[in-house]
Amino acid sequence: MTREELRQLREIQALEFTVLEFALYLDTHLQDQAALKEYNRYSQQLRELRMDYQERYGPLHIMHPSDYPWEYPRSPWPWQIEY
Amino acid sequence: MWRYEKILQYPVRVSRTDLGLAKLLSAQYGGPDSELSAGLRYLTQRYVIPTDEAKAILTDIGTEELAHWEIIGTLIYKLTEGVPVQRLRRAGLGADYAQHGRAIYPSDATGVPWTASYIQAHEDPIATLHENMAAEQKARATYENLIDLSNDAGVIDTLIFLRKREVVHFQRFGEALNIVRDHLEAQD
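Line by line, the protein sequences give chains A and B.
Reading the first sequence from the start, the letters are residues 1 to 83 in my numbering.
Reading the second sequence from the start, the letters are residues 84 to 271 in my numbering.
Just so you know, these hints were derived from the structure itself, not from any lab.
Cβ coordinates follow ideal geometry from the N, Cα and C atoms, glycine included.
Hints may contain errors.
A few chain B residues that face chain A, going by a derived Cβ cut-off under 8 Å, partial list only [to be verified]:
1) Tyr130
2) Asp135
3) Lys138
Calculated from the model, a selection of chain B residues having no Cβ within reach of chain A, i.e. all distances over 10 Å [as the list claims (entries may be wrong)]:
4) Pro115
5) Glu136
6) Ala139
7) Glu153
8) Gly165
9) Met216
10) Ala217
11) Ser233
12) Asn234
16 Å max Cα-Cα, derived EDC-like pairs, lysine to aspartate or glutamate [claimed, not checked]:
13) B:Lys247 <-> B:Glu147
14) B:Lys138 <-> B:Asp235
15) B:Lys89 <-> A:Asp27
16) A:Lys37 <-> A:Glu55
17) B:Lys89 <-> B:Glu147
18) B:Lys138 <-> A:Glu71
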């Protein structure tokens, strides 16, 4: 895994955590419009970053389109990465 | 990491409540060869298994097993939904109600709670993959028993789907075993 790939992966990790944290909060605060706005902004950013990462480095998820040969098993598994 | 999808893998249709059947289905919710055992067994075996193909198949079948666990939970929920307490008691679910109310709890069809001693993780990948193939066959046989015991067409339809998945998983683990064998031979 290159430094650039790892940098982007860390960015996705941070953004996924942000989106998750907002989602947990929103689960118990359905009417907090300001929080919802932030959530939507971050989740949109996350969607774009994930699409970009997966186009460059291969799928993060089994249901993402793949080049030939099937790419999903080949990228490093999470427990093999030196963060 | 994992993300929840708010959709069942296969629809669950139940014609009427059936407490006896709900109790029997616990076999696949918290029994030895249950979907819970399968999911945790495969997901915890992934770290030391050689080859990317085996890591992928353990990850993805392990994940699918958790989706099956949810299907069984949904079946039990629908088969017991809204049933009065005295009917639960008459059907032999009084002890379950005393301890859990109508909550779904991972114990087997005789009430024994789920335990990690149902599963094994071993560094030897040949041992691990054989355990998994045996587990799929035991789960297939359990589904066949449950289908024999059911008389609800909706429940039977869902159980037939789950039984077929065990057959497919057995096939994929067999292929993973061949890949791992070739890998080990190439190293010798």
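Structure-based check of all given hints:
no.	hint	in the structure
1	Tyr130	holds, 6 Å
2	Asp135	holds, 4 Å
3	Lys138	holds, 5 Å
4	Pro115	holds, 28 Å
5	Glu136	violated, 6 Å
6	Ala139	violated, 4 Å
7	Glu153	holds, 17 Å
8	Gly165	holds, 26 Å
9	Met216	holds, 20 Å
10	Ala217	holds, 24 Å
11	Ser233	holds, 32 Å
12	Asn234	holds, 36 Å
13	B:Lys247 <-> B:Glu147	holds, 13 Å
14	B:Lys138 <-> B:Asp235	violated, 38 Å
15	B:Lys89 <-> A:Asp27	holds, 14 Å
16	A:Lys37 <-> A:Glu55	violated, 28 Å
17	B:Lys89 <-> B:Glu147	holds, 14 Å
18	B:Lys138 <-> A:Glu71	holds, 13 Å
When the structure is compared with the earlier hints, violations turn up for hints 5, 6, 14, 16 and for no others.
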